[in-house]
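Protein chains: 2
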Amino acid sequence: MNQIVKGSQSLEFQNAPYIVSAASVAGSKEAEGPLGKLFDMTNEDDLFGAQTWEEAESTMQKEACVLALGKAHVEAEDVRYLFGGDLLRQGIATSMGVEALQIPLFGLYGACSTSGEALALAGMSAAAGYGEYMLAVTSSHFGSAEKEFRFPLGYASQRPLSAHWTVTGSGAFLVQAAGESDPEKKSHVRIAGVTIGKIVDYGLKDSQNMGACMAPAAMDTIVQNFADMGRSEMDYDRIITGDLGYVGQSILFDLVRGKGYDIREKHLDCGMAIFDQQTQDTHAGGSGCGCAAVTLASFVLPKIEKGEWKRVLFVPTGALMSTVSYNEGASVPGIAHGIVLEHC
Amino acid sequence: MNQIVKGSQSLEFQNAPYIVSAASVAGSKEAEGPLGKLFDMTNEDDLFGAQTWEEAESTMQKEACVLALGKAHVEAEDVRYLFGGDLLRQGIATSMGVEALQIPLFGLYGACSTSGEALALAGMSAAAGYGEYMLAVTSSHFGSAEKEFRFPLGYASQRPLSAHWTVTGSGAFLVQAAGESDPEKKSHVRIAGVTIGKIVDYGLKDSQNMGACMAPAAMDTIVQNFADMGRSEMDYDRIITGDLGYVGQSILFDLVRGKGYDIREKHLDCGMAIFDQQTQDTHAGGSGCGCAAVTLASFVLPKIEKGEWKRVLFVPTGALMSTVSYNEGASVPGIAHGIVLEHC
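Note that the protein sequences, when read in sequence, are chains A and B. According to this note's numbering, the first sequence is numbered sequentially starting from 1. According to this note's numbering, the second sequence is numbered sequentially starting from 1.
Treat the hints with caution; some may be incorrect.
Identical copies go unnamed one by one, so any copy, or any two together, can satisfy a pair.
[Claimed, not checked] Under the rule of at most 30 Å between Cα atoms (straight-line distance), these lysine-lysine pairs were calculated in the DSBU-like manner:
no., residue 1, residue 2
1, Lys71, Lys259
2, Lys71, Lys6
3, Lys205, Lys306
4, Lys186, Lys303
5, Lys205, Lys37
6, Lys71, Lys147
7, Lys303, Lys71
8, Lys266, Lys186
9, Lys147, Lys205
10, Lys205, Lys71
11, Lys306, Lys71
12, Lys303, Lys205
13, Lys306, Lys147
14, Lys186, Lys71
Hints listed in this document are in silico derivations from the structure and should not be mistaken for laboratory results.
One chain only, chain A, in its complex shape (with noise of 0.2 Å):
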């Protein structure tokens, strides 16, 4: 066997497979925000050449991996598995975006932590050796995001200091098997392991505060990651959740503070990182599908690829909820997946 079950909800693989490459794929306003000159590809008009957002944002997933497997000289039909998701109902973005790959496809649904389901699954079946190349896909935009969330765009409804604005982007990751090809002349950023979260239902209700939402499933996610893996914050140099967002981080703060740890050093949310929260009018933060993906593509693994941080536990969170859940009053639970990442 080439892994080893922790705990409860973890797994540590023995063969850790790596991450070749790593593509974004980003709107206007991300292009102008603290991370914009990263990312591969930006695009004036939020539209990618397309006619509908939600072409767009299919557009994107597609550049995304089609830039993914062009910086490590790979060919679509090389790649046995393709795991892929969006925020869309019926994942439509997924669907038509990577069809033209045809690559045998596994749609996700984890809301914003599905970058961190699409690694965790890439990761285990490549250290399974179910296959030499697996790719993971996630996005999201804003404005289909909007229109499927919340209201048309055009009636400018005024939006609470607590929400989120949805990132427009797609974050592409080609993962590869350790093995004869010895993957480390081209990778030194390993997927070492990998926390499955639970869904954890603190009973708010209220999904315009979605950081809120999500922070007692990321507080879940992480303290699970140090007892299985017998670690604290003191053995990663960087705990980076999804789109926690300025309100969700003081609370995971003070929850995680109440199960006897203190992250508050190591901790860094993509939400706040991708947007000037200052110039930008963008609330809590940024979110979606695409926020922890174009982050973690453009800003976190280039640091782990050097070396700067060698160990990182990333941990996307998800609200899962839809327009109908919301509207029969059921409460707001969230989600959220770890992905130990390591230096090598």
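Position chain B against the provided structure of chain A, taking the given hints into account.
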């Protein structure tokens, strides 16, 4: 390694995991159909004690999981990972349904092919040694699906003869890794291998004729399975599609014949098996994530368990669309995942 990578899309497990138990929960119309007496639980008003169709669907998923666990005398806390999905936007039937079980969750979306996707990932994870027990569950509900995809039921819109009737039902499957605990004593059904499908798009746009939209994907996965495994229809006792219905079946036969195979003697479609077309006014047949799942759990698995069928190719099919993609004029591509089930 405990598996062999076959051809371009398939895996064959050397230590094939077992389906140690399965459970089916279904609605009132399904209870009156040809398989009605085989379901573990049915309900007269299709609400299962809930206030809304979405809650009812969640309740079915939970009950199906609890029943499957109970049959095998396994506790939820002993299940390593749960793979689940449904047809609703943002997968809320699954999120709300399995929350109480507190099993680490991979949320999936593959339209009506999701039962295949879930069984594939559960089998892959068990075969890889990622845990002893995995749970796979999917559901659909006539009421929630009509609301999600079509018109308010009160409109009493007329349905074309090519339309399907969404099955109200949920099927859950407990998968156990082959190992020291000797699951052979508990089960005579194993997941021998999988063939993961690609998106197949013949450009059809009629969401009221999903059989035609999905038949090309079913053909593609079946023929790919034959090629990858070095087999033909002669090597299977049954080739079982999810919900092609009467229209899709005839198209599938033609497409498969074009590839040099004749599966007419071996084919069974869950959507045709679950309702009596003559008396139940279900037009092309049943459909939905729950259709293939409850038919597999109640009708197919017992026949494999008894050895009546030695090897079955289970191929649930999905139509990848949403009301948004439909309204924007996109085509309805299909996807199908193949699961090789063997008596042992």
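Hints, one by one, checked against the model:
no., hint, verdict
1, Lys71 with Lys259, "neither (42 Å within a copy, 37 Å between copies)"
2, Lys71 with Lys6, "between (34 Å within a copy, 27 Å between copies)"
3, Lys205 with Lys306, "neither (42 Å within a copy, 48 Å between copies)"
4, Lys186 with Lys303, "within (15 Å within a copy, 50 Å between copies)"
5, Lys205 with Lys37, "neither (37 Å within a copy, 40 Å between copies)"
6, Lys71 with Lys147, "neither (34 Å within a copy, 44 Å between copies)"
7, Lys303 with Lys71, "within (17 Å within a copy, 50 Å between copies)"
8, Lys266 with Lys186, "within (28 Å within a copy, 48 Å between copies)"
9, Lys147 with Lys205, "both (20 Å within a copy, 22 Å between copies)"
10, Lys205 with Lys71, "neither (43 Å within a copy, 35 Å between copies)"
11, Lys306 with Lys71, "within (17 Å within a copy, 52 Å between copies)"
12, Lys303 with Lys205, "neither (37 Å within a copy, 46 Å between copies)"
13, Lys306 with Lys147, "neither (40 Å within a copy, 51 Å between copies)"
14, Lys186 with Lys71, "within (10 Å within a copy, 49 Å between copies)"
In the structure shown, a violation is registered for the earlier hints numbered 1, 3, 5, 6, 10, 12 and 13, in ascending order.
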